[in-house]
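4 protein chains.
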Amino acid sequence: MKVHIWGASGYAAAEAIRLLERHPAQLGVLESRSHAGERVGDHFPLLRRSPLQFDKESVIENARAGDVVVSAGGHGEAKELINALLDAKVRVIDLSSDFRLDDRAVYGLTEWNRAALASANLVANPGCYATAALLAMLPLARFGPPLQWIVDAKSGITGAGRNPSVGALYAEVTEEIRPYGLEGHRHEPEMQRALDVHGLSAPLLFTPHVVPLSRGLLADVYALYEKPPSEAHVRAAFEEAYACSPFIRLLETTKAPSTAAIARTNDVEIHAGMKGNAIRVLCAVDNLGKGAAGQAVQNLNVMLGYSEETGLHERAIVA
Amino acid sequence: MKVHIWGASGYAAAEAIRLLERHPAQLGVLESRSHAGERVGDHFPLLRRSPLQFDKESVIENARAGDVVVSAGGHGEAKELINALLDAKVRVIDLSSDFRLDDRAVYGLTEWNRAALASANLVANPGCYATAALLAMLPLARFGPPLQWIVDAKSGITGAGRNPSVGALYAEVTEEIRPYGLEGHRHEPEMQRALDVHGLSAPLLFTPHVVPLSRGLLADVYALYEKPPSEAHVRAAFEEAYACSPFIRLLETTKAPSTAAIARTNDVEIHAGMKGNAIRVLCAVDNLGKGAAGQAVQNLNVMLGYSEETGLHERAIVA
Amino acid sequence: MKVHIWGASGYAAAEAIRLLERHPAQLGVLESRSHAGERVGDHFPLLRRSPLQFDKESVIENARAGDVVVSAGGHGEAKELINALLDAKVRVIDLSSDFRLDDRAVYGLTEWNRAALASANLVANPGCYATAALLAMLPLARFGPPLQWIVDAKSGITGAGRNPSVGALYAEVTEEIRPYGLEGHRHEPEMQRALDVHGLSAPLLFTPHVVPLSRGLLADVYALYEKPPSEAHVRAAFEEAYACSPFIRLLETTKAPSTAAIARTNDVEIHAGMKGNAIRVLCAVDNLGKGAAGQAVQNLNVMLGYSEETGLHERAIVA
Amino acid sequence: MKVHIWGASGYAAAEAIRLLERHPAQLGVLESRSHAGERVGDHFPLLRRSPLQFDKESVIENARAGDVVVSAGGHGEAKELINALLDAKVRVIDLSSDFRLDDRAVYGLTEWNRAALASANLVANPGCYATAALLAMLPLARFGPPLQWIVDAKSGITGAGRNPSVGALYAEVTEEIRPYGLEGHRHEPEMQRALDVHGLSAPLLFTPHVVPLSRGLLADVYALYEKPPSEAHVRAAFEEAYACSPFIRLLETTKAPSTAAIARTNDVEIHAGMKGNAIRVLCAVDNLGKGAAGQAVQNLNVMLGYSEETGLHERAIVA
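Respectively, the protein sequence lines represent chains A, B, C and D.
Last residue of the first sequence: 318 in numbering that gives the first Met the number 0, with the numbers rising by one and none dropped.
Last residue of the second sequence: 318 in numbering that gives the first Met the number 0, with the numbers rising by one and none dropped.
Last residue of the third sequence: 318 in numbering that gives the first Met the number 0, with the numbers rising by one and none dropped.
Last residue of the fourth sequence: 318 in numbering that gives the first Met the number 0, with the numbers rising by one and none dropped.
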């Protein structure tokens, strides 16, 4: 059994390579159209020590039944490939938005879908915004839907990918706070669908922002109620929801999540509190970690029967 | 008539010096306990060309009746001084939070208080968070109070001042998004009081964040209604509120405010829109400009009978 | 007489627009292939208040004899256009490297070429690295050539232009110091030629670096001598060289240049000192200001008979 | 045998804690006067997962003969303590500059001093600037001293420590390149002494700069010769010098070091090349890694007989 990566030259793919290089599963083909034959360490400073190269061979010709492919290309690029892989009994974890609303796929928000993921053939890995927002929202299901959801989210720029665009240039990102998608954003139907599944359907107002950092995402979720639960009940809901989730850190009520504290990890920091009729939940993830490649590896672990934490914590080599 | 600056070694004071150096009013004493006798340009790169020095003399001994003092020290530092100045018929614009809840002071949110400011002896200059939030909220007064206010605000680090603290160090701010004040923040009663005055009393949930930039602040204001007004009415409310306000730019509904676009100015960019039962207003200011020294100069203009824009736009020297 | 800008959608062009908008010379056509018909303020935050648009008309069809064209496109893009403009008796200031080694052009390092610039038809505006390095080197001409020149220069990323490339992405620039051009750089022959002209021919070792800031460039110049001059003579050489140069600030020997102090200006900060047999001169410029558009306007002033500072300092509007 | 850390609340100390937590040696007391009794993870995001606390007990009362103390306080703070520890047969690795010129101490530039380090009682851990510069200079010993050394170094701001100062504030570091120590710098005698020891005495001109990044340091070393060696000989000198040094990466001649590639590691990237009569060597280290805590752990490994790489590479936990 091998794990292949397709579309292997973006930021999420590089993070997947970094994680899988330390993972007991065997790495297969790293397919990148643009960098075939080149060392991964020549393109990504964090991989400088890696002996790996982007392969000249293709995933489609090398993946065998039972293998897993992590598809990390741009939205819309891999639909045909993935269908062909599924036909060949290859399992797929897709990091794009292509299958997130598709009934054939299991939605890969690990903490909320472990059973289905274990036997999934196609996993739609959640977007980074949806990951942070839903981890903050779903524990509230026991209280029923609120009157209104508000999600105010702040993301580092690597969420925009490594395909160069004016908006991702250093000089455009630094000293700027950039709200966008004010008319609607790809992640909204993704969130809405998961809320529907969990009985949390309510109007959702979502405002994404780019802020000047490389990695990290904070979602501030506000849920308004006519008759809100008590803070103790809210707290209990989160504690129960994530009691067996090793990557989730529920913070004391006086403490706030820190993107620096979860950078380059699959960790999640959550503050859950109340004020008046509103519940406020703050949730920090690394947009390339738990928001993309980290969660993909976490899902891979569930799919392949590894412990959920396999390959996702670091320790030193003792020689 | 002279304009003096007290507590002249912080970031807001430096911005006030920069603006007043180009202003037709005569500059008086620049009092800084720590930098007396030193050139302002040695401490602030933006003032490098300035021939000014921090004075060895004191404001209290030099200010005369009819003069204006801009008080720019830390919260709580200048209360006694200001009382003494007022006794001496010196007019004061105070940038600290000391008088914002004090009935003797006129609240210096210029666009909403021009008449009272014209004859004010003591102006409580609004905080940067309150400035951005209230400019986004007050035009909604005609619709009555909402069910709930939510203010999610992101600020550059100069809002924390120039007095060195661990939290303001480069290495603590970079690659970090830092929510704070989750248990309550100095700016909340300031906002609440202005909302009360304008008939907009409603529960307020305020979340301030530090994001890694030097200057700039974005407030995302969400107002929830049972029966919200139409988007056209919302739009009209803002257009009428700010028709005669030269620093406010109402953006087209598809466009978002940019902190880079208002940095080092007294300008304000506002996006006002609706979604479902919620009004969403985004408002960007420079925390040292419209959020502090810029608004102080704007208030000074109103107090002294200058045009409101005097000294607040730049043009080139033609020799 | 009008001043037109060709290639008007890059960073240097935007800075030229910002400066020329405040300049008494009449602005003509702003030609941008990609942004024709759009507002300049929609593309550049610093121009947000500007009413100007990128024109749909072309420079070549509108420029008349005696007009000036500032050519701000990429290297190699405008050679034919410029030849056609010169044929039509239009004067040209070219910001690219295309004519810097061409005998037909006057090299636009203003402080060292005022007389020739006054009557120039074609000005090759110096590169940002060459500007900073040569301003630090040329005053040493009276001491004859050194044994060796070393130029270690650090630049903000806007020097790479606004055409998106992976290397200019935020995530590639932040937390990185990137030496480049180790095998040779476009700016070396440009510097070498100017050194030859001034009798300063000597081996030149040049190391450019990108550091994580938007605007600003520091060149550290080291000149090695067998028998070096005294520090007093070095100091005197700089004082005499720049006695009538309003943009050059010679710093006291204990002070170092600051890129923050010269950002968004045409100013230059220079530290000149000695240690053992080496002269060390540090020179800071804004790569888009004195290193590009600022110097272009300075040259325009000389060409058109304006005072050299016209349009290059800011003051406030007094209404 | 235990390893204790004194002065445990600075950036280098935090990095030492991070590394030693993964190291097979047993951690003893973490002494911090300011944070005693508090969790290390509350002060340092990178340590958020750590269960460790700053101790209320003192190093001096707990260290036993044969233990090692990593002293990580400010310069001058621990001299007395270290003398007392040495009297008690406790071995000390001192990160400050206090003993770098002291004949009792072994200079801890690991690659050049392994034999002496193995039995050292007091190790003076090199400064970050000296580490990068000397790793670039010492392989040239076989060619004899050059006519002149020039070291132009760029450092991230964590080199200034975590004790808050105006110069280390975010707003002072961002968008700035700051040369300093133009009249002389603490690191110069440290470098000069090591050069003397290796027969490389020559005039040294050193220019340190702060650039806006958190971690990372690049030293550009220029060595001028009357009759320089060939590039092949230079290359060979580096290959031989570092053939058995697992942290040193000699780059191909077309490639440049990257601070991003060595951040949070003990790795070193070196480019060595020639041009005319000058050798140019560029050397990148993490100022907190190989430039401080990483090298301290590397030295600890040598002192205690561990493999030199123990605890200094990361791999994933396989559960």
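Derived by calculation from the structure, the hints in this document are not laboratory data.
Any given hint might turn out to be false.
No distinction is drawn between identical chains; accordingly, a pair holds when it is met within one copy or between any pair of copies.
[To be verified] Within a straight-line C-alpha distance of at most 27 Å, the following computed DSS-like cross-link-like pairs (lysine-lysine) qualify: (1) LYS88 - LYS226; (2) LYS274 - LYS55; (3) LYS1 - LYS274; (4) LYS254 - LYS226; (5) LYS55 - LYS254; (6) LYS226 - LYS78; (7) LYS78 - LYS254; (8) LYS226 - LYS55; (9) LYS1 - LYS226; (10) LYS78 - LYS274; (11) LYS226 - LYS274; (12) LYS88 - LYS274.
Consistency of the hints with the structure:
no.	hint	in the structure
1	LYS88 - LYS226	neither (49 Å within a copy, 53 Å between copies)
2	LYS274 - LYS55	neither (56 Å within a copy, 37 Å between copies)
3	LYS1 - LYS274	neither (50 Å within a copy, 47 Å between copies)
4	LYS254 - LYS226	within (26 Å within a copy, 36 Å between copies)
5	LYS55 - LYS254	between (49 Å within a copy, 23 Å between copies)
6	LYS226 - LYS78	neither (45 Å within a copy, 43 Å between copies)
7	LYS78 - LYS254	neither (42 Å within a copy, 32 Å between copies)
8	LYS226 - LYS55	neither (60 Å within a copy, 46 Å between copies)
9	LYS1 - LYS226	neither (52 Å within a copy, 57 Å between copies)
10	LYS78 - LYS274	neither (45 Å within a copy, 32 Å between copies)
11	LYS226 - LYS274	both (12 Å within a copy, 23 Å between copies)
12	LYS88 - LYS274	neither (50 Å within a copy, 44 Å between copies)
Going down the numbered hints, you'll see the structure goes against 1, 2, 3, 6, 7, 8, 9, 10 and 12, while the others check out.
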